[in-house]
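Novice: Construct the complete structure from the given sequences, taking the supplied hints into account.
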Amino acid sequence: MTPLPYRSLSSHFRDQFGQRVHKITIDAGFTCPNRDGTLSTGGCMYCNARGSGNGAHQAGLSIRQQIEDGKARLSRRFKANLFMAYFQAFTNTYAPIPVLKACYDEALCVDGVAGLSIGTRPDCVSPEIIDLLASYAKDRLIWVEYGLQSANDTTLVRINRGHDVACFERAVVATQNRGIKICAHVILGLPGETREDMLRTADRIADMGIDGVKLHLLYVVRKTPLEALYQKNGFRCLEQDEYTDIVCAFIERLPPAMIIHRLTGDPHPHELAAPMWALEKQKTLSMIHDCFSRQKTWQGKKWKR
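Residue numbers for the sequence shown follow the numbering used here, beginning at 90 and rising by one.
Since the hints were made in silico from the structure, they are not lab data. Heads up, a few of these hints could be off.
Said to hold, decoys possible - Heads up, simulated BS3-like pairs for lysine-lysine below, C-alpha to C-alpha not over 25 Å straight-line:
{"no.": "1", "residue 1": "370", "residue 2": "112"}
{"no.": "2", "residue 1": "312", "residue 2": "168"}
{"no.": "3", "residue 1": "160", "residue 2": "370"}
{"no.": "4", "residue 1": "321", "residue 2": "390"}
{"no.": "5", "residue 1": "390", "residue 2": "168"}
{"no.": "6", "residue 1": "393", "residue 2": "270"}
{"no.": "7", "residue 1": "270", "residue 2": "372"}
{"no.": "8", "residue 1": "312", "residue 2": "390"}
{"no.": "9", "residue 1": "312", "residue 2": "370"}
{"no.": "10", "residue 1": "160", "residue 2": "190"}
{"no.": "11", "residue 1": "312", "residue 2": "393"}
{"no.": "12", "residue 1": "112", "residue 2": "372"}
{"no.": "13", "residue 1": "270", "residue 2": "190"}
{"no.": "14", "residue 1": "168", "residue 2": "227"}
{"no.": "15", "residue 1": "385", "residue 2": "370"}
{"no.": "16", "residue 1": "227", "residue 2": "112"}
{"no.": "17", "residue 1": "270", "residue 2": "385"}
{"no.": "18", "residue 1": "112", "residue 2": "321"}
{"no.": "19", "residue 1": "160", "residue 2": "270"}
{"no.": "20", "residue 1": "372", "residue 2": "385"}
Said to hold, decoys possible - Here are the computed distance ranges between Cβ atoms for each label pair:
{"no.": "21", "residue 1": "153", "residue 2": "284", "range": "41 to 51 Å"}
{"no.": "22", "residue 1": "360", "residue 2": "384", "range": "45 to 55 Å"}
{"no.": "23", "residue 1": "125", "residue 2": "351", "range": "24 to 34 Å"}
{"no.": "24", "residue 1": "224", "residue 2": "393", "range": "34 to 44 Å"}
{"no.": "25", "residue 1": "394", "residue 2": "153", "range": "26 to 36 Å"}
{"no.": "26", "residue 1": "246", "residue 2": "148", "range": "29 to 39 Å"}
{"no.": "27", "residue 1": "147", "residue 2": "224", "range": "23 to 33 Å"}
Small disclaimer: the values here were computed from a predicted structure and weren't measured. Using N, Cα and C, we set each Cβ at its ideal position, and we do this for glycine too.
Specialist: Okay, structure coming up:
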């Protein structure tokens, strides 16, 4: 197998566990300060009503049942037997400590669960929450995935994110050296951002000691403020070749040890308004790999040490 020009999450799992590890997404029923009125009621301008969740909690499925269902599905398809419980929907540290602990404990007690990935906001962690995560990290793999989206404060205001870049940096510093792996979520193609803006985000996070990054394409979800902007011709989606070029240029600027969790997103087909090429995930991945090859480049080639 030809080595990838970047350090993938799957290779990281193989290095640590000696086998493939599959993530099982969980909807634990949390909300978000950008939805419940603490900061806003509208959420980030691109976010769907389920907060990127699958509606499993609303359907009455417990955390254990969601994991068992995911295990059965992945075992049939991939013969998988090791899993990460991925708390994805909304903000998964936004609750009292006893509630969080009960949710995390329920996931970790399921056979075959090697650890947790916890998606959250950088303004929704406290020393007590970090202490809780660090207690699990003593013998489990724990990733905390902080949504940054952009290292441009003007952009964060524009998308109604509700925090600034300094907040993200404080959360990273507070989490470091506790045994917890840190992943930054970045969205490429946000309204008003140029290619140079996106690459400045890469440069900003490259030297922060972050363990991983997850890249997303900004796609337009129906019934969101972003769709209203798009319908008014106030926003243009990236073309597929633009996106693949930016992904390669972004990863060039990251340190070689940083783990690339994802190269693009997975829109729900019935929710997607644009661009329709976002449904062509395998083609997009192939184009990204071709771009690396054509440009004779790799992760870290332009990292500004």
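Novice: Hint by hint, say whether it matches the structure.
Specialist: Do the hints match the structure? See the list:
Between residue 370 and residue 112, the direct Cα distance comes to roughly 18 Å. Compliance with the 25 Å bound is thereby established for this hinted pair. For the hint linking residue 312 to residue 168, the alpha-carbon distance of about 38 Å lies beyond 25 Å, and the restraint is violated. Between residue 160 and residue 370 the alpha-carbon distance is near 23 Å, which keeps this suggested pair within the 25 Å criterion. In summary, the hint linking residue 321 to residue 390 is not supported, as the alpha carbons are separated by about 40 Å, beyond the 25 Å threshold.
For the given pair, residue 390 sits about 36 Å from residue 168 by alpha-carbon distance, which is inconsistent with the 25 Å threshold. Taken as a hint, the residue 393 and residue 270 pair is honoured in the structure, with Cα atoms around 22 Å apart against an allowance of 25 Å. For the proposed pair residue 270 and residue 372, the alpha carbon gap of about 30 Å is over 25 Å, so the pair is violated. Under the criterion of a C-alpha separation no larger than 25 Å, the hint pairing residue 312 with residue 390 is inconsistent with the structure, at around 40 Å.
A C-alpha spacing of about 23 Å is found between residue 312 and residue 370, which places the hinted pair at or below 25 Å, so the restraint holds. Restraint check: the Cα-Cα separation between residue 160 and residue 190 comes to about 22 Å, which is no more than 25 Å; the hinted pair holds. As the CA atoms of residue 312 and residue 393 are separated by approximately 40 Å, the hinted pair breaks the 25 Å bound. A hinted pair counts as satisfied when its Cα atoms are at most 25 Å apart, and residue 112 with residue 372 qualifies at roughly 22 Å.
Our distance criterion of 25 Å between C-alpha atoms is met by residue 270 and residue 190, whose separation comes to about 18 Å. A distance of roughly 28 Å separates the Cα atoms of residue 168 and residue 227; the hinted pair therefore is violated under the 25 Å criterion. A C-alpha spacing of about 23 Å is found between residue 385 and residue 370, which places the hinted pair at or below 25 Å, so the restraint holds. A distance of roughly 20 Å separates the Cα atoms of residue 227 and residue 112; the hinted pair therefore holds under the 25 Å criterion.
Restraint check for residue 270 and residue 385: the C-alpha separation of about 30 Å exceeds 25 Å, so the hint is violated. Annotation: proposed proximity of residue 112 to residue 321 is violated, straight-line Cα distance about 38 Å (limit 25 Å). Our distance criterion of 25 Å between C-alpha atoms is met by residue 160 and residue 270, whose separation comes to about 23 Å. Distance restraint check for residue 372 and residue 385: the Cα-Cα separation of roughly 20 Å lies within the 25 Å cut-off, and the hinted pair is therefore satisfied.
For residue 153 and residue 284, the hinted distance range of 41 to 51 Å is satisfied, since their beta carbons lie about 45 Å from each other. About 33 Å separates the C-beta atoms of residue 360 and residue 384, a value inconsistent with the hinted range of 45 to 55 Å. For residue 125 and residue 351, the Cβ-Cβ distance of about 27 Å falls inside the hinted range of 24 to 34 Å, so the restraint holds. For the pair residue 224 and residue 393, the supplied restraint of 34 to 44 Å holds, since their beta-carbon distance comes to about 36 Å.
Roughly 45 Å separates the CB atoms of residue 394 and residue 153, a value that falls outside the hinted 26 to 36 Å. Between residue 246 and residue 148 the C-beta distance comes to about 35 Å, which sits within the given range of 29 to 39 Å. Range check, residue 147 to residue 224: Cβ separation about 30 Å, and the 23 to 33 Å hint holds.
Hints 2, 4, 5, 7, 8, 11, 14, 17, 18, 22 and 25 from the list above are not met by this structure, while the remaining hints are.
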